[in-house]
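Q: Number 281 in my numbering belongs to position 281 of the sequence shown; there are no gaps in the numbering.
Warning: the hint list may mix true and false statements.
No more than 20 Å apart at the CA atoms, straight line, and that leaves these computed lysine to aspartate or glutamate pairs for DMTMM-like [said to hold, decoys possible]: (1) K192 - E231; (2) K192 - D236; (3) K256 - E231.
Okay, the calculated beta carbon distance ranges per label pair [stated by the list, open to error]: (4) D68 - S117: 19 to 25 Å; (5) S117 - V19: 36 to 42 Å; (6) S117 - E223: 34 to 40 Å.
Read the hints as simulated data drawn from the structure, not as lab findings. Glycine residues also receive a C-beta, built at the ideal position from the N, C-alpha and C atoms.
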Amino acid sequence: MSDIAYLNGEFLPLDQARVSALDRGFIFGDGVYEVIPVYSRRPFRLPEHLRRLQRSLDAIRLGNPVTDAEWTRLIHDLVARHSGEDQSVYLQVTRGVARRDHAFPKEGKPTVFMMSSPLVTPAREQIENGVACITATDYRWLRCDVKSVSLLANCLLRQQAAEAGAVEVVLFRDGCLTEASASNVFVVRGGKLLAPPKDHLILPGITYDVVLELAAAKGIAVELRAIPEQEARGADELWVTSSSKEVLAVTTLDGKPVGNGRPGPMFRTVHQAFQEFKRKVMRHAA
Numbered sequence: 001m002s003d004i005a006y007l008n009g010e011f012l013p014l015d016q017a018r019v020s021a022l023d024r025g026f027i028f029g030d031g032v033y034e035v036i037p038v039y040s041r042r043p044f045r046l047p048e049h050l051r052r053l054q055r056s057l058d059a060i061r062l063g064n065p066v067t068d069a070e071w072t073r074l075i076h077d078l079v080a081r082h083s084g085e086d087q088s089v090y091l092q093v094t095r096g097v098a099r100r101d102h103a104f105p106k107e108g109k110p111t112v113f114m115m116s117s118p119l120v121t122p123a124r125e126q127i128e129n130g131v132a133c134i135t136a137t138d139y140r141w142l143r144c145d146v147k148s149v150s151l152l153a154n155c156l157l158r159q160q161a162a163e164a165g166a167v168e169v170v171l172f173r174d175g176c177l178t179e180a181s182a183s184n185v186f187v188v189r190g191g192k193l194l195a196p197p198k199d200h201l202i203l204p205g206i207t208y209d210v211v212l213e214l215a216a217a218k219g220i221a222v223e224l225r226a227i228p229e230q231e232a233r234g235a236d237e238l239w240v241t242s243s244s245k246e247v248l249a250v251t252t253l254d255g256k257p258v259g260n261g262r263p264g265p266m267f268r269t270v271h272q273a274f275q276e277f278k279r280k281v282m283r284h285a286a
């Protein structure tokens with residue numbers, strides 16, 4: 001089956017989906033998005049993703065044009081129109097088409113777009129050996145908790161990592177860890193799992209929440225607090241997490257080994273727990 005997208009009430013081939021050049025998402029990046037992993041045709045933690053979408057819409061003062069029940073139906077419909085068992089659903093809502101003016105239009109209709117792609121998760125080699133990351137100063141805007149389509153800074157940072165042969169760029173602001181260009185970051189030190197707390201400087205990741213739940217279930221001590229840069233650089237273990245990366249160990253940072261340069265025991269415990277959690281989701285889907 002050819003790629004099918006959803007645009008403003010219609011399912012159609014992706015290459016035929018068109019929006020106006022005056023759409024505020026195109027002109028200003030005035031919109032928000034979500035990425036939802038799908039395992040065995042079952043959207044992963046869909047209610048949590050829809051709640052985060054609503055928070056982002058509220059933050060930019062844009063009414064949600066679709067109810068949760070309708071989002072659920074549309075997402076399942078889109079998944080059914082594609083052949084892959086595991087998919088990545090992207091949805092985007094912008095403020096719609098209006099005359100170019102920085103102020104919000106008094107009247108307007110939001111643009112709603114969705115597409116599905118194959119879900120690409122880490123290769124076995126990455127899981128077994130870990131990945132390389134670099135670091136950079138976090139120069140993004142101060143509302144990183146909003147999943148905005150305005151991602152130029154993230155793209156520039158991610159490109160910096162790509163050019164260095166790294167999987168991600170770990171970010172520091174004012175001497176403390178925030179997150180990565182497209183991932184949350186966890187630190188293991190002294191037998192504890194550390195993470196920056198949810199605030200305006202990081203995206204409240206769905207996988208971030210799952211990791212904390214799994215760690216608690218395994219009896220791992222967790223601290224949510226500001227993590228100084230030197231503490232992160234001296235970590236016993238360092239992880240990046242996201243919908244596509246799931247849980248991934250960082251074994252080199254700026255060319256230096258993290259811990260002993262191998263994925264650590266706490267990573268292996270939580271990674272295994274995450275895979276078991278996924279299998280339960282798949283069994284339930286079947």
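Q: Each hint needs a verdict: does it hold in this structure or not?
A: Status of each hint after checking the structure:
1. Taking the CA atoms of K192 and E231, the gap is about 12 Å. The hint holds against a cut of 20 Å.
2. Between K192 and D236, the direct Cα distance comes to roughly 10 Å. Compliance with the 20 Å bound is thereby established for this hinted pair.
3. Restraint check for K256 and E231: the C-alpha separation of about 15 Å stays at or below 20 Å, so the hint holds.
4. For the pair D68 and S117, the supplied restraint of 19 to 25 Å holds, since their beta-carbon distance comes to about 23 Å.
5. The hinted window of 36 to 42 Å between S117 and V19 is violated, with their beta carbons roughly 19 Å apart.
6. Taking 34 to 40 Å as the suggested C-beta distance range, the pair S117 and E223 conforms, at roughly 36 Å.
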